[in-house]
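Student: For reference, the chains in residue letters:
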Amino acid sequence: MSENKTETKLPVPQCGYRLNTIYFYLTEGCNLKCRHCWIAPKYQSKDAKWPALDFELFKSIVRQGRELGMSNVKLTGGEPLIHPDIDKILDHIREQDLQLTIETNGLECTPEITAKIVKCKKPHVSVSLDGTDAETHEWVRGVKGSFDAAINGIRNLVKAGLRPQIIMSVMSRNKNQLEAMVKLAEKENADSVKFNLVTPTARGEQMHDAGQTLTMQELVELGNWVENTLAPSSTIKLVYSHPVAFRPLGKVFSQASSRCGIFGIIGVLGSGKYALCGIGATVPELIFGDAEKDKLEDIWNNNPVLNDIREGLPSKLHGICGDCMMNVQCLGACVAMNYYRHKDLFAPQWYCEEAQKAGLFPKSRLRPGSRFE
Amino acid sequence: MELNKQYPIANSMIVFREEFDDWAVLFDPDANETFGLNPVSAFIWKKMDGKHTQADILKLLKEECDDVPDDAPVHIKGFLADMEKRGLVGFEQA
Chain H
1 MSENKTETKL PVPQCGYRLN TIYFYLTEGC NLKCRHCWIA PKYQSKDAKW PALDFELFKS
61 IVRQGRELGM SNVKLTGGEP LIHPDIDKIL DHIREQDLQL TIETNGLECT PEITAKIVKC
121 KKPHVSVSLD GTDAETHEWV RGVKGSFDAA INGIRNLVKA GLRPQIIMSV MSRNKNQLEA
181 MVKLAEKENA DSVKFNLVTP TARGEQMHDA GQTLTMQELV ELGNWVENTL APSSTIKLVY
241 SHPVAFRPLG KVFSQASSRC GIFGIIGVLG SGKYALCGIG ATVPELIFGD AEKDKLEDIW
301 NNNPVLNDIR EGLPSKLHGI CGDCMMNVQC LGACVAMNYY RHKDLFAPQW YCEEAQKAGL
361 FPKSRLRPGS RFE
Chain D
1 MELNKQYPIA NSMIVFREEF DDWAVLFDPD ANETFGLNPV SAFIWKKMDG KHTQADILKL
61 LKEECDDVPD DAPVHIKGFL ADMEKRGLVG FEQA
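In the order they appear, the protein sequences are chains H and D.
Last residue of the first sequence: 373 (this note's numbering), numbering continuous.
Last residue of the second sequence: 94 (this note's numbering), numbering continuous.
Isolated chain H, as found in the complex:
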């Protein structure tokens, strides 16, 4: 696959795929209680602390990852910036010259932490903001004061010279705030806004069941409006996280690929377990081993789930994804979530499946002769 053809002096691992990025889900706890979270970490407060990835183990995993070609790390959670050794982790990432991505709620983006982040190689930070006012954001995030703290975190990042991406998870409660969020992001000197869709996974599934998410018709219409009206009118980049089949061709083929880099990724949970990604927190069969005793190289080369994915994507995708002409670009959007719903690595993506049932899947993206035409 093309994303694994990076030039490097290291030999390609035996499985034929370089490891590009490790997603570190650094903490089992989180300092917010987001009602849509797809991982559902435990709430961490002054009174309740939860395990976090051991720093020595982190260094060992990084060393093993580098031997497999890894050049990027993503720190996420839980909430990565509440890790007790986050200072040392950021220093180590800088020393190892690894490209850094962080997904954070922004609360702990202090001047001291942001100063360390900006020293890393090509840092990219996404801060979650789910409303343009405290009432909306905190209804989603479950903790008073989190709106002001997130805004403060964004400002600290900008002051340090790093323009963050704002990620807004779109749901019924905030669907009328998208344009205002873009204005807020422009005013705060953010780099971009990404609109995420609440997926029917973990707590997000409860929101779907409770009718707190958008209907498929609303999601599709909102996507079209963001892509074709809101994005051209903004001074910053906007991303609406619907699958490739719903994106304008001009964006699919003229912008950098937005598909999941699944052929070059592995996840590490706060417990030190290797997993497909954070989904391992809720789906035990997608845990691949334990970094305390298993070698990353063995897992990367020999894990049967990883090898099934390498062999089967995209050709074994079925349902609407099997009949979609864009499945090479999309790879089923998110194998982890598809598996969560159907216990099948090659099951169709929920958004496309629901859109097809509602008669909203774009016919021009279907293969000729599709039973869905």
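Among the hints, erroneous ones may be present.
As the list claims (entries may be wrong) - No farther apart than 25 angstroms at their CA atoms in a straight line, the calculated lysine-lysine pairs in the DSS-like style are these:
1. 116(H) - 9(H)
2. 363(H) - 47(D)
3. 46(D) - 363(H)
4. 116(H) - 159(H)
5. 46(D) - 251(H)
6. 122(H) - 251(H)
7. 237(H) - 187(H)
Stated by the list, open to error - Short, incomplete list of chain H residues facing chain D, as computed with Cβ under 7 angstroms:
8. 249
9. 253
10. 322
11. 325
12. 328
13. 364
14. 368
15. 369
Stated by the list, open to error - Here are some of the chain D residues that sit facing chain H, going by a computed Cβ distance under 8 angstroms:
16. 15
17. 38
18. 47
19. 49
20. 63
The set of hints was computed from the structure by calculation and includes no laboratory data.
In this text, a Cβ means the ideal position worked out from N, Cα and C, and glycines have one as well.
With chain H's structure known, arrange chain D on it following the hints.
Tutor: Just chain D now, kept in the frame of chain H:
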């Protein structure tokens, strides 16, 4: 390659779908490959019927579009060569 002596013809096995914004997608079912065509490339593709030379296509493009650049023939030639390399287009000689 003489612009007026070859008649490009699209591979009939390739699926062509034009969309609302005049972009189009090409799909090769055998290779499971998808290609995006911008509006100008989509326009050219639709004229590759074995009846128009490259010079004809350039003329039609100038009739259809404003501000066609002077080096358009070079781009058309490059586009067709790329399509041929990918097995998406063949040529019939005059």
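Student: Hint by hint, say whether it matches the structure.
Tutor: Cross-check of the supplied hints:
1. 116(H) - 9(H): violated (29 angstroms)
2. 363(H) - 47(D): With a Cα-Cα distance of about 24 angstroms, the restraint between residue 363(H) and residue 47(D) holds, given a limit of 25 angstroms.
3. 46(D) - 363(H): Given that 25 angstroms is the threshold and the Cα spacing comes to 20 angstroms, the pair holds.
4. 116(H) - 159(H): holds (13 angstroms)
5. 46(D) - 251(H): holds (22 angstroms)
6. 122(H) - 251(H): holds (24 angstroms)
7. 237(H) - 187(H): holds (14 angstroms)
8. 249: Residue 249(H) check passes; min Cβ-Cβ to chain D is 4 angstroms, inside 7 angstroms.
9. 253: Constraint on residue 253(H) satisfied, holds at 3 angstroms.
10. 322: Constraint on residue 322(H) not satisfied, violated at 11 angstroms.
11. 325: holds (4 angstroms)
12. 328: holds (6 angstroms)
13. 364: holds (4 angstroms)
14. 368: holds (6 angstroms)
15. 369: With Cβ-Cβ at 9 angstroms, over 7 angstroms, it is violated.
16. 15: holds (6 angstroms)
17. 38: holds (7 angstroms)
18. 47: violated (19 angstroms)
19. 49: Given a least distance of 19 angstroms, the restraint on residue 49(D) is violated.
20. 63: Violated, about 24 angstroms.
The structure shown violates the earlier hints numbered 1, 10, 15, 18, 19, 20.
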